[in-house]
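Chains as they are written, first to last, in numbering that gives the first Met the number 0: chain A, 0 to 422; chain B, 0 to 422.
Bear in mind the hints are in silico, worked out from the structure with no lab data behind them. Note that the structure is predicted; figures quoted are calculated from it, not measured. It is possible that part of the hints are untrue.
[As the list claims (entries may be wrong)] Here are the simulated SDA-like pairs of lysine to any residue, each with C-alpha atoms no more than 25 Å apart in a straight line:
no., chain 1, residue 1, chain 2, residue 2
1, B, Lys320, A, Lys320
2, A, Lys325, B, Lys320
3, B, Lys325, A, Lys325
4, B, Lys125, B, Arg344
5, A, Lys320, B, Thr32
6, B, Lys320, A, Ser263
There are 2 protein chains.
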Amino acid sequence: MTNDTACVRIDKGRLWDSLIALGEVGAYHDQDTDLQGVCRLALTDEDVAGRELVMGWMRNAGLTLRRDQIGNVYARREGEDNSLAPVLVGSHIDSVATAGRFDGCLGVLGGLEVVRTLNDNNIFTKRSVEVAIFTEEEGVRFGTDMLGSAVAAGRIQLADARAQVDRNGISVGAELDRHALVGDVKVPIHPPYAYLECHIEQGPILAEGRMQVGVVRGVQAITWLELTITGRAAHAGATPQRLRKNAGLAAAMINVHLNDMVESGDYGQMLATVGRQDNYPNLINIVPANVLITVDLRNHDGEAMQRSIDDLHAYLAEVEKVTGVKITSRTTAQTPPVDFPEQMRDLVEKQATHLGLTCDHITSGAGHDAGEIAALSPAGMIFVPGLYDGISHNPREYSTPEACADGINVLLQAVIELANTTD
Amino acid sequence: MTNDTACVRIDKGRLWDSLIALGEVGAYHDQDTDLQGVCRLALTDEDVAGRELVMGWMRNAGLTLRRDQIGNVYARREGEDNSLAPVLVGSHIDSVATAGRFDGCLGVLGGLEVVRTLNDNNIFTKRSVEVAIFTEEEGVRFGTDMLGSAVAAGRIQLADARAQVDRNGISVGAELDRHALVGDVKVPIHPPYAYLECHIEQGPILAEGRMQVGVVRGVQAITWLELTITGRAAHAGATPQRLRKNAGLAAAMINVHLNDMVESGDYGQMLATVGRQDNYPNLINIVPANVLITVDLRNHDGEAMQRSIDDLHAYLAEVEKVTGVKITSRTTAQTPPVDFPEQMRDLVEKQATHLGLTCDHITSGAGHDAGEIAALSPAGMIFVPGLYDGISHNPREYSTPEACADGINVLLQAVIELANTTD
Numbered sequence: 000m001t002n003d004t005a006c007v008r009i010d011k012g013r014l015w016d017s018l019i020a021l022g023e024v025g026a027y028h029d030q031d032t033d034l035q036g037v038c039r040l041a042l043t044d045e046d047v048a049g050r051e052l053v054m055g056w057m058r059n060a061g062l063t064l065r066r067d068q069i070g071n072v073y074a075r076r077e078g079e080d081n082s083l084a085p086v087l088v089g090s091h092i093d094s095v096a097t098a099g100r101f102d103g104c105l106g107v108l109g110g111l112e113v114v115r116t117l118n119d120n121n122i123f124t125k126r127s128v129e130v131a132i133f134t135e136e137e138g139v140r141f142g143t144d145m146l147g148s149a150v151a152a153g154r155i156q157l158a159d160a161r162a163q164v165d166r167n168g169i170s171v172g173a174e175l176d177r178h179a180l181v182g183d184v185k186v187p188i189h190p191p192y193a194y195l196e197c198h199i200e201q202g203p204i205l206a207e208g209r210m211q212v213g214v215v216r217g218v219q220a221i222t223w224l225e226l227t228i229t230g231r232a233a234h235a236g237a238t239p240q241r242l243r244k245n246a247g248l249a250a251a252m253i254n255v256h257l258n259d260m261v262e263s264g265d266y267g268q269m270l271a272t273v274g275r276q277d278n279y280p281n282l283i284n285i286v287p288a289n290v291l292i293t294v295d296l297r298n299h300d301g302e303a304m305q306r307s308i309d310d311l312h313a314y315l316a317e318v319e320k321v322t323g324v325k326i327t328s329r330t331t332a333q334t335p336p337v338d339f340p341e342q343m344r345d346l347v348e349k350q351a352t353h354l355g356l357t358c359d360h361i362t363s364g365a366g367h368d369a370g371e372i373a374a375l376s377p378a379g380m381i382f383v384p385g386l387y388d389g390i391s392h393n394p395r396e397y398s399t400p401e402a403c404a405d406g407i408n409v410l411l412q413a414v415i416e417l418a419n420t421t422d
Numbered sequence: 000m001t002n003d004t005a006c007v008r009i010d011k012g013r014l015w016d017s018l019i020a021l022g023e024v025g026a027y028h029d030q031d032t033d034l035q036g037v038c039r040l041a042l043t044d045e046d047v048a049g050r051e052l053v054m055g056w057m058r059n060a061g062l063t064l065r066r067d068q069i070g071n072v073y074a075r076r077e078g079e080d081n082s083l084a085p086v087l088v089g090s091h092i093d094s095v096a097t098a099g100r101f102d103g104c105l106g107v108l109g110g111l112e113v114v115r116t117l118n119d120n121n122i123f124t125k126r127s128v129e130v131a132i133f134t135e136e137e138g139v140r141f142g143t144d145m146l147g148s149a150v151a152a153g154r155i156q157l158a159d160a161r162a163q164v165d166r167n168g169i170s171v172g173a174e175l176d177r178h179a180l181v182g183d184v185k186v187p188i189h190p191p192y193a194y195l196e197c198h199i200e201q202g203p204i205l206a207e208g209r210m211q212v213g214v215v216r217g218v219q220a221i222t223w224l225e226l227t228i229t230g231r232a233a234h235a236g237a238t239p240q241r242l243r244k245n246a247g248l249a250a251a252m253i254n255v256h257l258n259d260m261v262e263s264g265d266y267g268q269m270l271a272t273v274g275r276q277d278n279y280p281n282l283i284n285i286v287p288a289n290v291l292i293t294v295d296l297r298n299h300d301g302e303a304m305q306r307s308i309d310d311l312h313a314y315l316a317e318v319e320k321v322t323g324v325k326i327t328s329r330t331t332a333q334t335p336p337v338d339f340p341e342q343m344r345d346l347v348e349k350q351a352t353h354l355g356l357t358c359d360h361i362t363s364g365a366g367h368d369a370g371e372i373a374a375l376s377p378a379g380m381i382f383v384p385g386l387y388d389g390i391s392h393n394p395r396e397y398s399t400p401e402a403c404a405d406g407i408n409v410l411l412q413a414v415i416e417l418a419n420t421t422d
């Protein structure tokens with residue numbers, strides 16, 4: 000190791016090619032945008048095909064692959080001193096149903112690109128460097144996001160994670176077994192020395208400020224609720240309003256109220272989304288008997304999050320009273336806000352500045368594996384800007400080759416520094 | 000024919016047994032109510048099995064069966080003078096997906112019971128009596144209610160009706176052909192002398208007033224709209240509210256606004272229901288990109304109906320402005336209010352009074368085949384009360400054997416009078 004590692008740069012074209020190639024796995028034509036999208040829901044055949052592609056690249060880069068009990072992959076480049084904890088980088092490659100090519104994939108393929116660059120330049124590090132692929136980060140299929148990293152970090156028990164089921168009743172455990180994804184690394188995993196993850200911002204802030212790199216302060220608190228609203232089916236033409244128990248109206252009132260809560264400003268930087276709604280019997284001339292809705296809440300501030308949940312539950316009681324329905328609420332995910340340690344933020348900012356990149360400090364709106372691994376080790380994140388207001392979970396998601404390379408060059412330099420730090 | 004026909008009564012047990020037997024066709028266990036329900040969507044195998052059962056009974060009662068071009072069935076008991084237009088009675092046996100045993104079936108099986116009673120008592124009438132089974136009255140499968148009777152009455156063209164498709168793209172015409180339901184009676188049909196239909200009230204008014212029979216003034220206007228709301232999919236955690244085009248929020252605002260319109264009292268006796276909602280992509284952490292909702296509007300007053308539609312469209316423009324979504328509206332059904340002629344209402348009231356039954360004049364909240372046939376001939380309806388606030392389109396739908404018999408005894412006496420009137 001010499002000082003000239005500061006001048007080493009990743010191969011922008013190779014990184015880009017790997018992003019494009021992985022985006023072909025699970026590709027579909029998206030009618031909404033008329034673009035090619037990606038659908039690689041966790042632990043489906045498509046997700047496993049994506050893993051196989053990336054794991055092949057990892058093996059070709061000389062990495063040693065292991066899996067843990069929830070199917071997370073760790074691809075290791077040996078350091079000079081195996082008694083030292085490794086530097087871990089990574090993210091996920093599972094996707095939502097209407098995804099682009101970048102969410103998660105940039106962190107995994109960027110980690111691979113870092114290793115490839117170290118190889119190409121014969122750079123040896125004191126600590127090993129490991130590239131992780133975490134299982135079911137999106138939470139879309141089985142209902143809990145950051146599932147794999149949460150199990151790795153010990154926040155969620157392995158048995159509870161394996162027991163989670165998708166809409167068809169298929170469990171995480173059954174899918175892990177079907178695809179033979181269970182490895183011998185026990186969870187929770189041994190804490191790495193540090194964890195770093197490069198990710199697309201998935202928001203408009205960096206682009207608006209014309210910033211090249213984001214130094215991530217931390218991750219918002221996330222709460223997911225599933226509300227089951229039980230009303231009564233009735234004839235739409237012959238049942239006076241006063242005799243209805245309209246589960247659909249109750250759902251609509253909750254949706255509008257959540258938006259009012261956000262706009263009130265009373266809950267800080269709160270975000271609220273009702274993404275899913277399933278009406279039963281879902282027919283034009285029948286008052287809905289049962290409606291299931293999901294509520295996705297985000298907040299930078301844990302106290303404001305809790306207050307918003309309490310106030311929402313008070314409102315649900317009011318809706319029950321006004322409409323005559325019954326509402327049950329189930330919390331399907333709940334993560335506190337995470338603040339990344341100062342030394343990791345400083346490291347990212349320093350390397351970005353050395354590279355001549357403009358950067359800004361921002362809080363992540365989305366949940367990330369780094370927020371889970373932060374429970375084990377010092378963790379940090381690097382954001383890169385996206386076009387179109389940073390739209391994500393949509394085939395229009397797009398970060399330029401330059402933006403991706405900037406983020407991964409920061410990752411490279413930060414990894415080299417961390418992997419040579421032994422104090 | 001002698002005056003003693005005034006003392007003839009239908010066989011209450013036989014009528015009831017036929018209702019129960021038909022309710023076994025398409026029966027299912029309803030999880031919501033833990034009761035046996037009926038699912039006999041129009042032109043499905045279940046609907047056709049129900050028709051076969053009833054048509055067998057009709058043939059056993061000596062009736063001659065014909066079908067028209069949209070599959071409506073006419074079962075004829077010959078009168079003494081075939082040059083006279085027949086008295087038509089009937090209703091439908093197709094059902095919503097979560098139905099009880101009475102909606103429509105009472106009118107068809109009541110008509111059959113009238114004929115059986117005439118047979119048992121050797122009562123001959125001057126005019127023929129025909130019992131009709133109308134196709135797709137519910138409109139749940141193909142999107143337009145009273146489809147069969149509207150084609151019979153000439154309001155809807157046969158080709159347009161045949162071209163209607165269900166959610167799977169299967170057309171009315173294809174189903175009619177598959178089941179060989181097309182008959183040789185041309186549509187629009189020859190006007191009958193008069194049309195009478197006995198039906199459950201599907202509302203709470205008769206039961207609240209402890210009335211045994213309802214003399215139906217007419218049928219509410221009905222408008223069905225299908226609203227397609229186009230927003231933009233976006234990440235629920237990283238997309239600020241101001242950058243969203245939230246199709247789900249727009250749908251909720253419309254639902255709440257419709258309820259406000261009803262409660263304002265500004266539109267007379269307006270009813271509004273958003274029964275169906277389909278979100279896309281329907282995932283917990285994605286702002287809905289596209290939402291389809293249906294709107295079912297009812298009004299006693301045609302002018303108030305039109306005003307409510309105009310005001311709703313003005314509100315849709317407001318929602319587009321506030322949320323950034325685009326909304327397209329398609330009218331899938333629209334029928335004006337129908338007033339049944341005074342002589343038919345008087346006839347029903349007179350026969351009910353002769354039978355010693357308490358009765359009240361009420362306007363139908365639901366659409367009925369009688370509202371369509373009213374365009375051809377003098378039409379009238381007899382309502383019978385239901386338990387549980389007259390709940391309908393639900394397995395809890397229930398009218399007692401006595402209530403059913405009361406209505407059909409009124410029908411019997413009215414049919415005898417009409418079928419012997421030659422002026």
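How the hints compare with the structure:
no., hint, verdict
1, Lys320(B) with Lys320(A), "32 Å, violated"
2, Lys325(A) with Lys320(B), "33 Å, violated"
3, Lys325(B) with Lys325(A), "33 Å, violated"
4, Lys125(B) with Arg344(B), "22 Å, holds"
5, Lys320(A) with Thr32(B), "21 Å, holds"
6, Lys320(B) with Ser263(A), "20 Å, holds"
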